[in-house]
Amino acid sequence: MYSLLFHILKDLLGVVFLIYSFFIVSFYLGFAILSFFELWEHLTKNKFIDYRDVISNPLAPGVSIIAPAYNEGKTLVQNVKSLLGLHYGRFEVIIVNDGSKDNSMDILIREFDLVKTNYAYYEAIEAKPVRGIYKSTKSSLSKLIVVDKENGGKADALNVGINVAGKELIACIDVDCVLSSEGIARMVRPFLEETNKKVIAVGGVIGIANNCDIKDGTVVKYRVPDTLLGRFQVVEYFRAFLMGRMAWTRINGLMLISGAFGFFNRDLVLKVGGYYPKTVGEDMELVVRMRRYMEEQNIPYRVDFIPDPLCWTEVPESDQILSRQRNRWMRGTIETLQLHSKMNFNPKYGVMGMISFPFWTFFEKISPIIEMSGLLYTVALIIMGDFSAVYFLSLFVLIYFFAIMISSFSILYEQVGFNNYREKAELRKIVKTVLLEPFLVHPKLVWWGIRGHWDFIRGQGGWGDMVRAGFEKPADKNKAGV
Amino acid sequence: LEVNNLSVYLKAKNFRSMLLLFLILAGQTSYAQTLIQQLRKGCEIEGVTFSVQVAAWDEDPKNISAGFILDCDQVSCKVLYGSYTNYAEALNARDSLEKIGHKGPWVPFFHNDKSVSYEQIRAMVRRQELQVNCDPPSLQPAGTQEELTSSPSLEDSVHTAETAAFQVDELDEESLVVKAKSAPFKPFYKLKSRVMDDLKLIILLGILGIFILFSLGLVVAMIWVKRMNKIKHVLKEKYKAILREPLSQLMFDQETEDIKAMSYEQIADFFPKELLSNKLFRQIIINELISLNKSFKGEFKDKIKMVYRKLNLHTYSIGKLKSRKWGVVTKGLVEINEMDLEEAVPKINSLSQHRNFYIRSYAVATLLNLSNDKNLTYLANQSYPLSRWQQITYLRIIRYLSKKEQVKLSYLLDSKNVSVRIFAIKLVNLLGRVDLLEKMAEIFPAAEVAEKKEIVRSFAALHASSYADVIVTCFAENSEELKISAAEALGILGDKDLVPLILKELEGEIGFQYKMSLMKCLKSIDTVLYEIWANDHLATPYVGLIQRHLEDRSLVNV
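Residue numbers (the numbering used here), protein chains in the order written: chain E, 1 to 482; chain A, 1 to 558.
A couple of the hints might just be wrong.
[Said to hold, decoys possible] Here are the in silico distance ranges between beta carbons for each label pair:
| # | chain 1 | residue 1 | chain 2 | residue 2 | range |
| --- | --- | --- | --- | --- | --- |
| 1 | A | 481 | E | 342 | 28 to 34 Å |
| 2 | A | 101 | E | 30 | 44 to 50 Å |
| 3 | E | 385 | A | 66 | 29 to 35 Å |
| 4 | A | 66 | E | 376 | 43 to 49 Å |
| 5 | E | 363 | A | 295 | 22 to 28 Å |
| 6 | A | 248 | E | 30 | 49 to 55 Å |
| 7 | E | 457 | A | 98 | 54 to 60 Å |
| 8 | E | 45 | A | 245 | 29 to 35 Å |
| 9 | E | 33 | A | 245 | 45 to 51 Å |
| 10 | A | 264 | E | 50 | 28 to 34 Å |
| 11 | E | 385 | A | 74 | 52 to 58 Å |
| 12 | A | 404 | E | 346 | 53 to 59 Å |
| 13 | A | 57 | E | 376 | 38 to 44 Å |
| 14 | A | 235 | E | 33 | 28 to 34 Å |
It is worth saying that the hints were derived from the structure and are not from the lab. Note that the Cβ used here is the ideal one computed from N, Cα and C, for glycine as well.
Same shape as in the complex, but just chain E:
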């Protein structure tokens, strides 16, 4: 026999779960609609914009590409060459060696004929000491600057790069990313187009390069990865980039630009003090801080997003590495949301304060906890005998099909907009992944999210190691008969 209080608690929890589910379903349906309009508008623009105009135009803005590198010796030279080969007139490449323990620096000095310079390094943003700034003796490599510094983490390395950067815009990328040769020209467009608002940052889509053929800095043949985790991330990236971020862009509520590929206004980054090195979610934190600054200064602004496939990276395909990544993402989200909690439900911060921030708080940060609580609640109902199998099954099937629907939306957008996975077999694999994901992958993500919360509470952190296989050359792939 339960007390009345217990009954109320049980019913209250039921209502809370119901309201929570209602809002999450509404948000995702909203995302699907908003992203459709945004993507449609973007594709329409792409039909008549000629990006060749901007590549060599003297009025185009200068771009400093900043790529921090830590123990990337295996692939560094290939990646730097790829960056130097980008089609754009006014750019420089700043490689920041973040105290690598391998021979990255020796390789760079040898391969690019680097010499240590007397560069007047001014620490506009505080960072770990710089050991030396190198330039190549070859005039053909005049765009390259290599900074050797003491290890301080990705954010610290990026801050050093920002201090060194001499161009109007900075592009913060992961050094192992493959950038499309047209990448810069396309990413600078929003900075140049806007007249009524200041564009403070532009994010780009990160494509998954595992199992793809790459030639001259562009993926020439798309294949989905071989593993379920890899395939799941293809679908997840579609959802995140083509749906989520496009929808946020539509209402100017984008709070996250991936650290692997983001363009920023350098002056503003300097004004807000650069990346915050004490968080593992430095990419999100910077965007939130920039937006907060603009809102507090009452300056009209925009954070934009380009959905074209311009940047590719290798994603982890093992449970161990992916769990570390998701754990880190969760900790980064919690840290950022706590640092700027003042903005939550604060109308002073506009769309971000009233929509984006609460969304991240309730549906990104605590969703693993809510999901786990829901599971425990269901078990409790079974034990109490209050469990309704009919309702449970109906809701379960409903949520399952809803998940499929949302994933299908994003795949559909990819098909309509870019159609990169051209083979029927590839699409079949993606659809199969969508059907299996809720059972085989999602529970893991929930668990890793909870572990992220737990590690955050315990104050445990760090980045963990990302083991990269390196991109295979098309020839190698063909030999392997894949």
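Guided by the hints, dock chain A onto chain E, whose structure is given.
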């Protein structure tokens, strides 16, 4: 009580108020439980009796099992079981009835045989109209266990469950379980009735159905889009392949005069006639011709434009301007611009101030290209701010125009639109228009900081050393960015008379970037003086650092 509070709770707007409400509920619940708990412990209230209600009907049911009482009033008939002065016993009877299959039996309160609510009883107790007796004499309830056990068999009870008249052989729990186990299983609820009687479930299943249909629809759409994309892609490639030969024949085998003399039919003969009315094929021809136009020069361009007109493709391009879709209008403008369709100029005029950025941008670009207006009035009269993207596009066109004839940038410099003026200053620099230096010097004092910055850069780029006195006025401005531009410009112009002024600036408390610009400027004007100054000021912040940087040959362009 709970229902009312829950509805208020549902209206609560945030978590904090929900929490507060929950605490209030908890408090109210504990208060409300005081009397109930007393009754559960065996306390009795004089004049108050309890029964167990198993069903209620609008009409008088005919078959009521033995042991059950029918209590009818004007509204309904209630099926009751027993009458108890002790609440705990009534609860026991209720639980027993529930175990044998009755759905939701509950205990109603009676005062002097009149049905009353618990709240009414509680209110009467509060008003001391009723006394709670917690030491009652052991009273025998009117409906006893014997009566209950004398009811009909369990199986019969189950079968007649819906008439709410249940009967059992015994109340003993263990015997009931044994009997229940021996009875063949027959579900009390059928799924159909369970679903159809539950509105919430119907709504849920409805939403589920929509989601399933939508999901399946999307999967089908995905496959369909994939198929359509593939078909379209194959068709495009096929059409491009078809076009290759006729276009190369027209471009390379035919003379310009020959094409000029050809009729539509003669040109159409080069192409598959059945495809010329195909919309996609037509668009592919347009795209191919535009692409060729961008790649070729001179006579070939003329041929392309002639073919375009002869095939009446220009009517499709001009027709696009009427579209309601901004993307189509802009595409039309691009085609008109590329194919020099001058007859479209009057229609484009109205689009140059369109609120859509893309239509406006391409309309102005097209007008610049086709209108033969060397005064660039379309640009000068722009009321919307000019984006840098537009400037990039217009620069290409104006450069092209200025090769043929000098364009009148002075109108742009006089524009009311500041972004147009800034663009004009950039054009002076990029087109090398030294004739406009004086004009820029005139507007300089009243110009905005962004304009001044561009003017200073233009003076430097055009080596206008006679305007150094204009540039030095920037040192009096508040903008450090402008001061840096001025220092850089003076470094290029190299006017030795300005050295004292630069040294004076260097003596002030200035930022790193500005100091570096001034030192660089000083070095390029007077190297000897620079070295003396730098060596004398090595103790000053950044001087040594900047000095080493400026002396490093590998950093000349950094």
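Right, here's what the structure says about each hint:
The supplied range of 28 to 34 Å is met by residue 481(A) and residue 342(E), whose beta-carbon atoms lie about 31 Å from each other. Hint check: residue 101(A) to residue 30(E), Cβ distance near 47 Å, so the stated range 44 to 50 Å holds. For the hinted restraint 29 to 35 Å between residue 385(E) and residue 66(A), the CB-CB distance of approximately 31 Å keeps it satisfied. Hint check: residue 66(A) to residue 376(E), Cβ distance near 47 Å, so the stated range 43 to 49 Å holds.
Under the hint 22 to 28 Å, the C-beta atoms of residue 363(E) and residue 295(A), about 51 Å apart, miss the expected range. For the pair residue 248(A) and residue 30(E), the supplied restraint of 49 to 55 Å holds, since their beta-carbon distance comes to about 51 Å. Between residue 457(E) and residue 98(A), the C-beta spacing of about 45 Å breaks the proposed range 54 to 60 Å. Checked against the hint of 29 to 35 Å, the pair residue 45(E) and residue 245(A) passes, with Cβ atoms roughly 33 Å apart.
Range check, residue 33(E) to residue 245(A): Cβ separation about 46 Å, and the 45 to 51 Å hint holds. Between residue 264(A) and residue 50(E) the beta carbons are some 30 Å apart, a value that agrees with the proposed interval 28 to 34 Å. A C-beta distance of roughly 38 Å is found between residue 385(E) and residue 74(A), which places it outside the suggested range of 52 to 58 Å. A hinted range of 53 to 59 Å for the beta carbons of residue 404(A) and residue 346(E) is consistent with their spacing of about 58 Å.
Look at residue 57(A) against residue 376(E): about 42 Å separates their beta carbons, and that is inside 38 to 44 Å. About 31 Å separates the C-beta atoms of residue 235(A) and residue 33(E), a value consistent with the hinted range of 28 to 34 Å.
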